[in-house]
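Listed below are the residues making up each chain.
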Amino acid sequence: DAKTTQPNSMESNEEEPVHLPCNHSTISGTDYIHWYRQLPSQGPEYVIHGLTSNVNNRMASLAIAEDRKSSTLILHRATLRDAAVYYCILSGSGAGSYQLTFGKGTKLSVIP
Amino acid sequence: DARVTQTPRHKVTEMGQEVTMRCQPILGHNTVFWYRQTMMQGLELLAYFRNRAPLDDSGMPKDRFSAEMPDATLATLKIQPSEPRDSAVYFCASGLVQGRTAGYTFGSGTRLTVV
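From first to last, the protein sequence lines are chains A and B.
Start counting the first sequence at 1; every next residue gets the next number (my numbering).
Start counting the second sequence at 113; every next residue gets the next number (my numbering).
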């Protein structure tokens, strides 16, 4: 399985932008880049996913490097509610599976 | 918003007892996952289904765990017999995959305690 590398933890001030990095140097051409987050005592929550082009939705933006070996999840204005563990996951059509394999993620703390 | 419903939310059972956890995926979703989360191991994929057929259950201890989808509206995860090391939060997730990946929706989980 293609692996991702994320920092263990990050801090951000409230109402400031947050850039969460993810390295995936062994990504294959058919792997999508997914981001999920898990708030305390809750199940994981889908944030965003993309293949090659940058993506925007109401929650966040996903910036994908041209060589696809890294990506960045951008929270435009962090709130206290964004404090969570953020997971960067590769999911693709290998064996037709599209499964999600979670790593340890990045624990984001938001400082008031 | 549509939700993945898991029951029960909490379960305390004695070692050796059978435990059944249920999941109602979102209507129309064709892919269902079962995950287990512990502090030590994080989120582990146990099994997953596509169009009710099991695709992979290699993450599941075969001697005591079983996962099924008797119909499109119900997925079950059974542990028999249960052991204290099975204590964890079990999550179900569903999504629609049609030749390309999709975002998956997770349930709120079943917190299992085996004493």
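Bear in mind the hints are in silico, worked out from the structure with no lab data behind them.
Errors might be hidden in some of the hints.
Taking lysine to any residue pairs in the SDA-like style, the calculated list, with each CA pair at most 20 Å apart, reads [stated by the list, open to error]:
(1) Lys69(A) <-> Gln42(A)
(2) Lys104(A) <-> Met152(B)
(3) Lys104(A) <-> Ala200(B)
(4) Lys107(A) <-> Thr119(B)
(5) Lys3(A) <-> Asn163(B)
(6) Lys123(B) <-> Lys69(A)
(7) Lys104(A) <-> Met151(B)
(8) Lys104(A) <-> Asn163(B)
(9) Lys104(A) <-> Ser41(A)
(10) Lys3(A) <-> Gln42(A)
(11) Lys104(A) <-> Lys123(B)
(12) Lys3(A) <-> Ser41(A)
Computed from a predicted structure; not experimentally measured.
Contradicted hints - numbers only | 1, 4, 5, 6, 8, 10, 11 and 12
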